[in-house]
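Asker: Given the sequences, and given the hints that come with them, work out the whole structure.
Number of protein chains: 2
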Amino acid sequence: MSNDEREEVGLLDAVDDIHGGVIVELKGPMDCKTFVSSLRASLSHWRQQGIRGVWIKLPIELSHLVQPAVQEGFCYHHAEPTYLMLVYWIPVSENTLPINATHRVCIGAFVMNEKREVLVVQEKCGILRGSGIWKFPTGVLEQGEDIFAGAIREVKEETGIETDFLEVLAFRQNHGAFFGKSDLFFVCMLLPLSSEIHKQESEIEAAAWMPVEEFAAQPFVKKHELLKYILDLGLAKADRNYSGFTPLSISSAFSEELSFLYLNSRGL
Amino acid sequence: MSNDEREEVGLLDAVDDIHGGVIVELKGPMDCKTFVSSLRASLSHWRQQGIRGVWIKLPIELSHLVQPAVQEGFCYHHAEPTYLMLVYWIPVSENTLPINATHRVCIGAFVMNEKREVLVVQEKCGILRGSGIWKFPTGVLEQGEDIFAGAIREVKEETGIETDFLEVLAFRQNHGAFFGKSDLFFVCMLLPLSSEIHKQESEIEAAAWMPVEEFAAQPFVKKHELLKYILDLGLAKADRNYSGFTPLSISSAFSEELSFLYLNSRGL
Chain A
1 MSNDEREEVG LLDAVDDIHG GVIVELKGPM DCKTFVSSLR ASLSHWRQQG IRGVWIKLPI
61 ELSHLVQPAV QEGFCYHHAE PTYLMLVYWI PVSENTLPIN ATHRVCIGAF VMNEKREVLV
121 VQEKCGILRG SGIWKFPTGV LEQGEDIFAG AIREVKEETG IETDFLEVLA FRQNHGAFFG
181 KSDLFFVCML LPLSSEIHKQ ESEIEAAAWM PVEEFAAQPF VKKHELLKYI LDLGLAKADR
241 NYSGFTPLSI SSAFSEELSF LYLNSRGL
Chain B
1 MSNDEREEVG LLDAVDDIHG GVIVELKGPM DCKTFVSSLR ASLSHWRQQG IRGVWIKLPI
61 ELSHLVQPAV QEGFCYHHAE PTYLMLVYWI PVSENTLPIN ATHRVCIGAF VMNEKREVLV
121 VQEKCGILRG SGIWKFPTGV LEQGEDIFAG AIREVKEETG IETDFLEVLA FRQNHGAFFG
181 KSDLFFVCML LPLSSEIHKQ ESEIEAAAWM PVEEFAAQPF VKKHELLKYI LDLGLAKADR
241 NYSGFTPLSI SSAFSEELSF LYLNSRGL
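Chains as they are written, first to last, in the numbering used here: chain A, 1 to 268; chain B, 1 to 268.
No lab work stands behind these hints: they were computed from the structure. Quick reminder that beta carbons are idealized off the backbone N, C-alpha and C, glycines included. Don't take every hint at face value.
Said to hold, decoys possible - Just so you have them, the derived chain A footprint on chain B, three or more residues with Cβ under 8 Å:
{"id": "1", "segment": "77 to 85"}
{"id": "2", "segment": "135 to 145"}
{"id": "3", "segment": "160 to 172"}
Answerer: Next comes the structure, spelled out in structure tokens:
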């Protein structure tokens, strides 16, 4: 293709990424034919430039361009409700594209008051629905949410109880629970700041303060190893000398963003 | 639509999920027109049954059905290289669909030998390329990989050194580093079982055993708070009484799968 022809076709707008690739973020309306011509001209241009990974972010409004992109050799990389990210690896050398997000992050909350009652719920949905089994409040982190903030939010949403975050007592990693993805489940201990329960209507059947011995006596708790550990760890922290990880705000050398490092602060 | 007509159109094959929804996994070839007719008939059927979430898993070979599904009201949920998962929420009540995976999981490895030398690398790619900066081996977990296994693998791949996993010393959560997703970075301490370095050609510029004081004296380490903590925590573990989390295999009440709980085993 001559330079003149390329001018006529028009290359796709792209910005460089830090790994020697380019990102195309399509926004306005575009018909299939224009897209395919521009994409072919752009790929030829990028190949000459030694570009490696080519990313195309297609908003869901442009779903008619998914098939043409796939026909030009693109694969899916990841998707969110409003867009699909496609990617194409140009060189013949080994593909070093970053992998998609692999984990969902969940929290479980151990909250015990001065009367040694633990905060427990029965769920309206999921595997324990209708079982009458009392469990600790649990939930899934929202995108961009910190672990300690998610634990405080879930306890508040499900039971109405205000809490202070104390420690991550432990965490469990398991695989394949959800669309082939993995879960990281953080066991959190929180201190109650209020006592009156207001349960969530949509998801929670019942919420209560329950004497910890009564909770421990449930047959389900006895046969559920993770639940038993949450209980043991919570009591080890409350009564003995257990040290989990506490969050500490730290800065990054590469950005202005603060993030949290969770560590055993007693050991440093 | 009468029962006869529905028979003629043919409903999509679907299996129930545990949350009151259905999952359609399209496999064979299908043209757009047949797909749209079957999808409409199926949605009408599921609506009458009180189904809530409808999932469609479209292999990349069927990318021509993405646009028709979106036109019928489906959104994207997630994607992997070979398929796109779409979802449609039928009822008028609040959408309780599970969220897509939100985190990538990374590991950093503190490996120190008996001569108090730490295992360090210079990278060929990324933000530190060409800077001459020595850093700890780091990497991203593969889908389905355990944290301790990923740490052992990355050290072996980058440096050729065999290790035993000792502890998670700390972890850091940060947001927005990667396509709006979050990272969980686990600081791992490993014990070296071999000493001869064989560096990885594709990603590693150099690998070495370096006296820990020399590593600590690098200006980059002094201004990089996370790196400084990795060093402090590794030394606190090696020289003093620091307790991180060790992995313990536990069973689940719901499946045959074993998973790992990481906890402070000294505190229990």
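Asker: Are there three or more residues in the segment 77 to 85 of chain B whose C-beta lies within less than 8 Å of some C-beta in chain A?
Answerer: Three-residue rule met by the segment 77 to 85 of chain B, so holds; n is 9.
Asker: Tell me if chain A covers the segment 135 to 145 of chain B under the three-residue, 8 Å CB rule, please?
Answerer: Since three or more residues must qualify, the claim that chain A covers the segment 135 to 145 of chain B holds, with 5 doing so at under 8 Å.
Asker: How about the segment 160 to 172 of chain B: do at least three of its residues have a C-beta closer than 8 Å to a C-beta of chain A?
Answerer: As far as the segment 160 to 172 of chain B goes, the hint holds, because 4 residues have Cβ atoms under 8 Å from chain A.
Violation of the numbered hints given earlier is absent; every hint is satisfied by the structure.
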